[in-house]
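J.: Chains A and B, in that order, give the protein sequences. Using my numbering, the first residue of the first sequence is number 1, and each one after it goes up by one. Using my numbering, the first residue of the second sequence is number 1, and each one after it goes up by one.
Accuracy of the hints is not assured; some may be wrong.
[As the list claims (entries may be wrong)] Think about it this way: if two alpha-carbon atoms lie no more than 25 angstroms apart in a straight line, the pair counts; the simulated PhoX-like pairs of lysine-lysine are:
| # | chain 1 | residue 1 | chain 2 | residue 2 |
| --- | --- | --- | --- | --- |
| 1 | B | 32 | B | 268 |
| 2 | A | 239 | A | 40 |
| 3 | B | 268 | A | 182 |
| 4 | A | 181 | A | 116 |
| 5 | B | 268 | A | 181 |
Since the hints were derived computationally from the structure, they do not count as laboratory data.
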Amino acid sequence: MQLQLSPELQAFREEMRTFFTTQVPQEIRDKVAARRHPTKQDFVTTQQILNAANLAVPHWPVQYGGRDWTPLQRHIWREEMQLAKVPEPLAFNTSMIGPVLAQFGNEEQKDRFLAKTANLDIWWCQGFSEPDAGSDLASLRTTAVQDGDEWVVNGQKTWTTMGQHADWIFCLARTDPTAEKKQRGISMLVFPMDTPGVTLRPIELLDGGFEVNEVFFEDVRVPSENLIGEVNKGWDQAKFLLGNERVGIARVGGIKGMLALAKELARETHYNGRPLLEDPRYASRIAEIENELVALELTALRVVANSADGKPHPASSVLKLKGSVLQQEVTELIVDIAGPLSVASFAEEGSDVPDWARVAAPEYLNYRKVSIYGGSNEVQRVIISGTILGL
Amino acid sequence: MDFTYDSEQNDLREAVAALLARAYGDSEVRRKVTKTDPGFDEKVWTQLAEMGLLGLPFAEEHGGMGAGPVEVAIVAEEIGRVLAPEPFIEAVVLAGGLISSVGSDAQKGELLEAIAGGSSLPTFAHAEIGARWTPTASAVTATQAGDAWTLSGVKEPVPHGARADVLVVSAALPGGGTGLFVVQGDATGLSRTGYRNHDGTRSANVRFEGTPATQLGTGGDQTDAIERAQAVARIAYSHEAVGAMDTALRTTVEYLKTRKQFGVTLNKFQALNFRAADMYVSLELARSIALWASVVQLSDGDVVTAADRARLLTSRTGRHIGKDAIQLHGGIGVTAEYKVGHYTSRLTAIDHLLGDGDFAADRLAAKVGSYPTVDPLGAPYA
């Protein structure tokens with residue numbers, strides 16, 4: 001056993017750190033550090049810089065731009081990116097549809113989409129969840145009916161994150177309503193968001209922001225060549241995609257950065273004549289979160305070291321569960337440090353409330369999402385008790 | 001970075017597990033053994049010596065195996081897995097560790113060889129009523145007359161203090177500071193009253209009345225050595241706790257699969273399965289940090305802070321798993337006739353032996369402002 005990274009991995013980490021902190025515009029990283037939402041252009045600029053250096057899709061197969069890195073190298077790449085406050089490559093492109101196209105797509109589809117997907121020339125959004133199909137995704141009701149060499153899509157999707165920026169959508173639809181099991185008879189279709197019959201309604205979230213949308217399909221005509229994989233086998237692709245979604249979801253680097261910020265804010269905030277950081281209750285709360293974060297990081301490293309052939313380790317559910325809870329605890333801590341100032345969320349010019357205190361509560365409310373998306377924490381408990389414990 | 005066990009370490013685990021499974025595979029045996037003094041099986045102690053485990057961390061020149069912290073961790077975890085009552089951590093890791101780090105060559109030659117061979121069982125007499133957890137001593141004082149030292153005062157609770165034949169004793173020095181002394185079990189002015197602890201192990205009230213003692217090593221203040229030896233023992237205890245948590249969870253899962261109520265097995269109730277899933281999360285986090293702390297020790301990093309981290313997490317997770325293991329069993333979990341409650345009892349005892357979770361949290365909290373982030377693979381740990 002050995003604690004330190006090998007000299008090669010230390011050099012690799014240094015290389016990543018240097019790249020992320022010098023090549024991605026400071027202005028964009030400052031926005032992330034201030035916990036303000038990056039714009040569409042910020043995401044595109046960043047991903048194109050990364051892609052030009054072959055750092056946008058290292059986990060893809062080598063022939064499509066992947067790097068053949070070890071799981072530990074990928075882990076370091078992701079952690080350093082988060083620590084440097086770099087907006088990560090768009091998950092819908094790089095973690096979701098890209099790997100699905102590489103695995104299930106035909107040659108024509110790979111040629112048509114993969115390079116543009118890696119470079120964010122196409123911005124993808126996800127058409128999976130529906131009003132009556134959330135955690136129970138296989139209950140989806142959107143239909144696609146064959147008409148000549150086209151599919152005609154009708155139905156509704158929801159929680160479509162950043163759909164307002166999207167050029168294309170990858171969408172699950174029911175293509176065989178008579179299938180015995182609801183998982184069978186589902187297919188994956190891709191089509192442009194400006195196809196006639198597609199309408200998008202933004203959903204305002206608790207933080208006042210617009211991240212997610214409802215998407216409606218009314219007789220949307222999709223050419224047959226836009227079906228990915230085999231007809232009625234879309235559930236295989238959905239499972240493959242959702243498995244990839246949990247990789248890297250512990251977000252250790254992101255939590256570390258937020259906790260470091262919380263410490264700084266607690267040092268600047270005074271109460272009873274001393275910094276909050278010296279208040280035993282706050283110091284202890286920080287110490288407990290930090291210690292669990294150390295345990296989470298070490299568990300992530302163990303999982304990474306034991307994940308063979310790129311498949312997620314079953315214990316990745318532990319990372320999702322604990323990672324989401326710790327993200328939420330840190331955002332809660334920052335609201336508490338802001339204290340009475342935390343109410344001033346939408347203060348503008350003329351207010352003396354510092355920016356960090358204005359965004360604290362909206363962020364805390366927004367972060368309730370992290371224990372819901374990517375398979376809710378209750379779904380993770382089902383996976384742990386069923387797959388791991390055999391209950 | 002490499003957290004995988006090599007083949008020799010895996011062999012060691014298998015051998016220890018096999019020995020302890022023969023001894024305590026049936027939990028009734030442990031129950032019987034812990035009912036009578038000395039609270040463990042002298043024959044098993046001899047077998048541990050024959051396997052070389054009682055000299056595991058000592059240098060080969062002193063009859064030891066010269067093994068590292070990961071090997072100690074493996075033994076501790078296997079002990080925890082079956083709740084073997086033999087005082088490996090108390091005698092070998094803590095008392096033996098102090099002799100090994102502080103003792104003179106002559107003392108090491110004499111004492112460590114006897115421990116490794118199983119003929120001597122030492123203990124560290126350090127706790128004092130009212131002192132809670134500290135690396136210093138105050139209730140027992142040392143007095144010097146010429147070259148000779150005597151000790152006076154009371155230590156309690158001293159682990160296996162009635163059975164031990166050698167006591168490593170901390171005592172307040174006349175000029176300030178805390179010294180370490182060796183007292184033989186048959187010394188004059190030494191009286192010991194042993195009793196049974198809630199977890200089946202033994203402790204004692206140990207009274208010194210002008211008891212002759214020998215300085216361990218060159219004498220002087222040994223507070224730092226005590227702090228370090230306790231840190232090393234905390235890390236070993238975190239592994240014993242992980243072993244115990246692992247069995248507590250397995251036993252609970254097995255029970256949920258077989259116990260029927262309302263005409264179905266308990267694993268048909270999602271409320272119960274979800275609690276088991278949370279126990280698994282606790283266990284994996286505890287396993288990660290305990291293993292890490294041992295590797296920090298191996299790398300000669302900041303072992304005191306690493307031990308506090310391991311202690312804080314294994315305290316929180318040990319309580320979580322211990323309490324829920326009983327709850328998910330129902331009434332049978334509270335009986336002495338069924339094994340799972342004994343795991344909770346031992347986890348509770350471990351938690352309070354060298355400082356509990358709040359103790360560790362306070363020490364870590366005092367430092368959180370002095371650095372922005374923790375890199376578990378970097379300074380001060382690596």
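J.: So which of the earlier hints does this model not fit?
T.: Hints 1, 2, 4 not satisfied by this model.
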